[in-house]
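Using the sequences and the accompanying hints, generate a full structural model.
From first to last, the protein sequence lines stand for chains A, B and C. Under our numbering, the first residue of the first sequence carries the number 1, and numbering increases by one thereafter. Under our numbering, the first residue of the second sequence carries the number 1, and numbering increases by one thereafter. Under our numbering, the first residue of the third sequence carries the number 1, and numbering increases by one thereafter.
These are computed hints drawn from the structure, not numbers from a lab. Take these hints with a grain of salt, some might be off.
[Claimed, not checked] DSSO-like, lysine-lysine: derived pairs with alpha carbons at most 27 Å apart:
id	chain 1	residue 1	chain 2	residue 2
1	C	Lys77	A	Lys149
2	C	Lys214	C	Lys226
3	A	Lys148	C	Lys214
4	C	Lys77	C	Lys214
5	C	Lys73	A	Lys148
6	A	Lys36	A	Lys85
7	A	Lys36	A	Lys55
8	C	Lys143	C	Lys77
9	C	Lys217	C	Lys73
10	A	Lys148	C	Lys217
11	A	Lys148	A	Lys100
12	A	Lys149	C	Lys73
13	C	Lys217	C	Lys15
14	A	Lys148	C	Lys77
15	A	Lys55	A	Lys85
16	A	Lys85	C	Lys77
17	C	Lys15	C	Lys73
18	A	Lys149	A	Lys100
19	B	Lys57	C	Lys143
20	A	Lys148	C	Lys226
21	C	Lys143	C	Lys15
22	C	Lys214	A	Lys149
23	A	Lys149	C	Lys217
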Amino acid sequence: MKIRKLSFVTSFVLFFGATALQAQTPRLMHYEGQLKDEQGQPFVGVTDLVFNIYKTANGESPIWSESHVGVQIENGNYGVLLGSKTPLKLSFFEYYLEVKTSTVTAGQPRRMIVGSGYNFRLWFLFAAYTIVWVAIFIYVLSIGRRQKKIAAELAALTRDTGSA
Amino acid sequence: MIFSMLVFSLMVAVIFNFSFPPGSEFIDDAAAGIIWMTFIFTSLLGMSRSFVREVDKGCMQGLLLAPIDRVDIYISKMLINLIFIIMVEVVVVPLFSVFFKINLFDSIGALSAVLLLSTLGFAIVGTLFSAIAVNTRTREVMLPILHFPVSIPLIICAVQATNAVMAGQAWSVIWPWLKIIIAFDLIFFLVGYLTFEYIVEDS
Amino acid sequence: MEQNNRKDIWGSLLKIGVFVCMTVNIYLVFQFAPQEQSMGHVQRIFYFHVPSAWIAFLAFFVVFVASIGYLWKRERKYDLVAGAAAEIGVLFATLVLITGPIWGRPVWNTWWEWSPRLTLFLVLWFIYIAYLMLRNFVEGEEKSARFSAVFGIFGFVDVPIVYMSIRLWRDIHPSPVVGGGQGSGLHPDMTFTLLFSVLTFTLLFLFLLSNRMKLEKSRIALDDLKRQIAF
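As structure tokens, this is what we get:
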């Protein structure tokens with residue numbers, strides 16, 4: 001009974017922590033890029049941009065995609081807010097971002113991005129948090145278990161002496 | 001007892017010497033650490049025996065029945081341990097000076113002050129803990145387990161002070177270390193003085 | 001019987017208090033406390049690390065006081081308190097030693113830094129592990145209580161001396177600048193979260209201690225009963 005209650009509490013704590021951490025990952029990401037034309041010159045003008053995010057550097061289907069129509073580009077530089085069109089939710093790993101344009105045909109290489117500069121560190125926070133609470137709950141559980149064992153033994157002994 | 005301690009400490013010193021490549025210059029920095037490791041192990045060897053005979057042969061009853069203050073037993077045991085270790089040190093330090101080619105005699109006054117006060121601290125804590133350890137199931141193991149963590153500040157200060165003395169540094173560098181050693185000696189002598197009677201109550 | 005009931009009420013109140021505080025505390029730590037500028041989210045380990053350290057100190061202080069109490073009054077309950085508190089103290093000191101490096105790795109880029117505080121906890125950990133071993137290795141309840149009380153006093157008296165000597169030692173071997181944020185220049189919300197964490201952990205300590213004491217009491221009851229049967 002007690003053990004079940006405690007494991008419920010443990011899972012509650014872990015779940016709450018995990019969702020709290022999840023909430024910390026960015027929903028929006030400001031991305032600044034450079035676009036060059038076939039001659040390697042900075043692109044000037046208006047174009048459509050498609051952003052794809054992959055899990056690997058040269059792989060399969062994108063896990064997230066968003067297109068920005070009619071982006072004004074001056075001197076090859078542009079800035080967009082990723083996640084403003086399609087909801088963006090990345091966890092702690094690194095990802096690969098691909099940019100495609102409607103006007104320039106030259107492929108732009110995929111670039112590695114991370115969810116946020118700090119997100120890798122969230123693993124450390126999460127590990128520490130988990131260790132602290134799991135250790136404390138294992139301790140509470142072990143006390144409870146020992147208590148139960150002693151109580152059972154005590155009850156058995158009293159019964160025996162009572163009957164004798 | 002004193003003879004086996006002496007042989008033991010010489011062997012430790014020689015074995016430590018083999019852990020460095022011949023002619024290594026690193027040995028100058030490590031010499032203080034080696035000296036103190038030697039003394040710590042030697043003093044543990046001596047102190048772990050300091051109550052064994054009393055407990056095993058029942059002399060402790062006699063000592064406790066004797067019309068003396070119980071704390072006097074502690075002080076006399078502690079002094080004997082101190083004298084044993086000091087005797088070992090008197091022989092081993094000059095030999096160290098020869099083996100490791102370090103001149104220890106330029107600042108013999110400061111060196112002996114550091115050695116005496118640190119060894120006193122070891123004897124104060126070690127004698128009391130050996131009285132505890134002798135009553136446990138694992139006598140020889142228990143003494144270092146109790147002794148080492150409590151005497152860590154003493155080990156740090158003794159090694160650093162000896163280092164400073166051997167490097168010929170000024171008194172102002174040595175003094176802060178010595179201050180902590182003296183504080184350790186005084187505080188733990190007081191605590192040992194107050195608590196010893198609880199340890200030997202009925203052994 | 002009535003007294004027993006009242007104790008139970010206090011026990012369940014404590015349990016509820018711990019639960020509520022923990023829930024609120026998690027919210028404060030992960031959502032309410034502002035993000036630290038240079039260290040990022042990982043700085044939130046602070047809210048578990050520092051209270052754990054505080055509880056470890058509190059527990060060892062309880063061991064010290066209970067040890068003196070035992071030598072003075074010779075009542076068994078003091079020995080039980082000391083043993084239970086030492087066990088809990090070792091648990092939290094272990095947590096300090098684990099969360100410290102987890103914090104240090106992303107911030108200082110090394111798992112272990114001989115910083116005065118971490119080193120102090122390492123030494124403390126050794127002292128109280130030795131204390132727990134001593135409790136188990138001495139035969140006879142009364143003897144074990146006496147010896148461990150003496151060692152408990154020695155261990156706690158040692159703490160300031162250890163800290164002074166480590167401080168002096170680290171002065172000679174300067175370390176890379178150890179992450180700030182401790183004490184100085186904390187955002188008020190951070191301070192509040194920290195204080196709340198300390199409160200939560202203190203309640204948790206009381207909860208653990210009372211549970212541990214209950215366990216010891218039933219163990220003694222069992223032993224007494226066994227002895228009675230043997231006669």
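Checked hints:
About 22 Å separates the Cα atoms of Lys77 of chain C and Lys149 of chain A, which keeps this hinted pair within 27 Å; it holds. Between Lys214 of chain C and Lys226 of chain C the alpha-carbon distance is near 18 Å, which keeps this suggested pair within the 27 Å criterion. For the hint pairing Lys148 of chain A with Lys214 of chain C, the CA-to-CA distance comes to about 11 Å; that is within 27 Å, so the pair holds. For a cut-off of 27 Å, the pair hint linking Lys77 of chain C to Lys214 of chain C stands: about 11 Å separates their Cα positions.
For a cut-off of 27 Å, the pair hint linking Lys73 of chain C to Lys148 of chain A is broken: about 31 Å separates their Cα positions. Simply put, Lys36 of chain A and Lys85 of chain A have alpha-carbon atoms about 24 Å apart, close enough for the 27 Å limit, and the pair holds. A C-alpha spacing of about 25 Å is found between Lys36 of chain A and Lys55 of chain A, which places the hinted pair at or below 27 Å, so the restraint holds. A C-alpha spacing of about 15 Å is found between Lys143 of chain C and Lys77 of chain C, which places the hinted pair at or below 27 Å, so the restraint holds.
Note on Lys217 of chain C and Lys73 of chain C: the hinted pairing holds, with a Cα-Cα distance of about 19 Å set against a maximum of 27 Å. As the CA atoms of Lys148 of chain A and Lys217 of chain C are separated by approximately 13 Å, the hinted pair is consistent with the 27 Å bound. Between Lys148 of chain A and Lys100 of chain A the alpha-carbon distance is near 65 Å, which puts this suggested pair outside the 27 Å criterion. Between Lys149 of chain A and Lys73 of chain C the alpha-carbon distance is near 32 Å, which puts this suggested pair outside the 27 Å criterion.
At most 27 Å may separate the alpha-carbon atoms for a hinted pair to count; Lys217 of chain C and Lys15 of chain C meet this at roughly 19 Å. Between Lys148 of chain A and Lys77 of chain C the CA atoms are separated by roughly 21 Å; this keeps the pair inside 27 Å, and the hint holds. For the hint linking Lys55 of chain A to Lys85 of chain A, the alpha-carbon distance of about 20 Å falls within 27 Å, and the restraint holds. At most 27 Å may separate the alpha-carbon atoms for a hinted pair to count; Lys85 of chain A and Lys77 of chain C exceed this at roughly 66 Å.
In summary, the hint linking Lys15 of chain C to Lys73 of chain C is not supported, as the alpha carbons are separated by about 31 Å, beyond the 27 Å threshold. Pair hint Lys149 of chain A plus Lys100 of chain A does not hold up; C-alpha atoms about 66 Å apart against a cutoff of 27 Å. A hinted pair counts as satisfied when its Cα atoms are at most 27 Å apart, and Lys57 of chain B with Lys143 of chain C qualifies at roughly 20 Å. Of the pairs offered as hints, the one joining Lys148 of chain A and Lys226 of chain C holds, with about 17 Å between alpha carbons and a cut-off of 27 Å not exceeded.
The hinted pair formed by Lys143 of chain C and Lys15 of chain C fails the criterion: a straight-line CA distance of about 34 Å is larger than 27 Å. For the hint linking Lys214 of chain C to Lys149 of chain A, the alpha-carbon distance of about 13 Å falls within 27 Å, and the restraint holds. Restraint check for Lys149 of chain A and Lys217 of chain C: satisfied, since their Cα atoms lie roughly 13 Å apart, inside the 27 Å limit.
When held up to the earlier numbered hints, the structure conflicts with 5, 11, 12, 16, 17, 18, 21 and fits the remainder.
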